[in-house]
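As you go down the protein sequences, you meet chains A and B in turn. If you count the first sequence from 1, position 92 lands on 92 in my numbering, and the numbers rise without skipping. Residues are numbered in my numbering as their position in the second sequence, beginning at 1, plus a constant of 456.
Hint data in this document are derived by calculation from the structure and do not stem from the laboratory. A few of these clues could be false.
Claimed, not checked - Mimicking SDA-like on lysine to any residue, the simulated pairs with C-alpha atoms at most 20 Å apart in a straight line are:
hint	chain 1	residue 1	chain 2	residue 2
1	B	K642	B	D575
2	A	K384	B	D575
3	A	K316	A	E416
4	A	K214	B	A684
5	A	K201	B	D575
Claimed, not checked - Just so you have them, the derived chain A footprint on chain B, three or more residues with Cβ under 8 Å:
hint	region
6	478-484
7	554-562
8	585-593
9	643-653
To be verified - If you only want the chain A side, here are some residues facing chain B, beta carbon under 7 Å, derived:
hint	residue
10	T121
11	D394
12	Y401
A virtual CB, placed ideally from N, CA and C, is assigned to each residue, including glycine.
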Amino acid sequence: MNFRAFLAILVCKILRFLSRLLHRGGTAMPGRWAVKICPNLLSILARDVKTIAVTGTNGKTSTSRMIEEAFAEQGLDYFANRSGANLMSGVVTEFVMNCSLTGKMRRHIAVIECDEAASRTVFAQLKPKVILVTNLFRDQLDRYGEVTHTLENIRFGIRGASDAVLCLNADCSLTSSLALDLPNRAVFYGLEKGAVASREKPEISDATHCIRCKTEYDYSYITYAHLGGFQCPHCGYSRQKAQYAVTAVTETRPDGSSTKMQIGEKTYRMDVNLPAVYNIYNAAGCVAALTEFGIPAETAVTAPARFQCGFGRMEKFDLAGGTRVMLVKNPAGCNQVLEFLQSVQEEYILVICLNDRGADGTDVSWIWDADFERLTALRPNLTKVIVSGDRAGDMHVRVKYAGLEESVIAEERDYEALVTSLTKESLPVFIMPTYTAMVDLRTVIIRHVGGTEFWE
Amino acid sequence: MELNICHMYPDVLNLYGDRGDIITLCRRLNWRGIDANVTRLPIGEKADLGKADLIFIGGGQDFEQQVLLEDLHRGKDREIRDAAEDGVTFLTICGGYQMLGSYYETFEGQRCDFIGVLDLYTVGSKDRMIGNYSFTCEEESGGSTVVGFENHSGRTMLGSGVRPLGRVLSGYGNNGKDGTEGARYKNVFGTYSHGPLLPKNPAFCDFLLLTALQRKYGTTELAPLDDAPEISAHDEMLARFSHQKNHG
């Protein structure tokens, strides 16, 4: 190891120690300085570490936690980056926290969640054994640009890691196109026709036209958004056969679902401890990545049943008549959460917290691409909508134009006042916050009813 | 009363929440007891644009632009021109706005001919102009203040055949240089404003609706609505701009 790397590790460790002393997270800032001192530090530290890397628009965190669950079950000594520290700085911080001052790694297995844009630089240094790409949707257009641009970033990143096995969502025409011109071995996972009810073509789709020849796709089924059995009538680009295939969803419950998963010749039961179709995708991706990593399939399929995600992903709190925090970031994820609410069979209160800071995306126009019109169908179980966050005004207008009466809409921007008022409620509460709103709101909720800070 | 609204290319020009403009047009008509008939006109399909009272074209990804131009040049360009000359109300946003101009020249110097309904052209630049912004409409376009979100790399230059829609208060507007934003020609309105444009700018939305209702029914005034949440969201963004200015 060279002197620069040593210095970078030393500085990183000192900064992290000071952050914790000041009760800050310090999940990314120390790594930022380390990279300034030694730009290729990650490639040095990652040399002896076998990694599953997870990227894609939605489901990175949930899927990574499911993978961790299986690693823990197997008794593997692994480490992982958490709490959204998924840029180069966060990844480096996590590696440094798991190495000695001389750069010797204490753990040799890792689960690394990686931001889509950051994958451009992270993958080449990390050289993961398995790269899981969950899906691609329009997301924070002001930051990432168009969705095809995000796809190019991921493709570029994978070019630097040609030994990695790719686990790709077969149902996403954008994601699965990564296999077209990369030398990596690729496996696919997805939902087979009939596993969930097929739906109409959505009004907003991020991939209506063939990524190769720009002809409009035909679909034999659609699970949600642009995911499903796509086929280009012109050039023949179509959904690849999924080696990890959810063939049936046997039961859907408000808190999870039961499915059948076919891997090779065998069919396994796979339970998912979180509701909604998108979590079935997350579970299928997790099983594919684990199996390709070398975990036995029969162990892999049990991981999604046990894990508790937390940190704003369907996270439960003992507030009001039970509270769930469901992070929303983009139209596709938001529509899935709205669909989940349709399965709630009792009266409840909905809180929507819209922020427009850097990590949320400064452009809030996506709330108009999300199908909030569905809220009207949620009445009368939906008794009240409280809008909050820096852009509460925009959210108020959105739900008004979605068709909700003014009498069920309330505005409360102050989180302290919001949570205090919720403690007096007896109905269940569902909170849909954007990222930075979730982080701040969680802190206030935890102060009132307990829970753990995100870096613990 | 009823207005026929044609939503052109909703299948590809649907970025940045522009669908919110259609939702807003419809609601504000319905709340006044006026019917709104929205016709979606995707790529490859034909429609009689002559029947439309209001034509909406949103913004989209560069990826699909080529497909779109081919479709336009199969006859829709002429129909659009006729409708515009005939005084039909158009609201065109970002990519849809650029498309009505004469041409687009990429940063690398490649020129792509557009349909030339509006006397303007657009030149690609290296830097994207992104962010919340605001402008004041010219008196002929209602004179209201508009808050929106712009996200474009094209710089649009207006010719003498069109007038600017408004003057930039904060942000970039057409090109970041001459202070103009958008364009107006007869009842054709072009702007860079996503956000989407109409929900937070009810005064502008009503002005737009009035041009279409006036042409069809001779309407000169719209019944007032309770716009408290819209105006509050509008004012909040305006206050942010003045706050930013005060602090440099």
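Hints violated by the structure (listed by number, smallest first): Going through the list in order, the structure violates hints 2, 4, 5, 7, 10 and respects the others.
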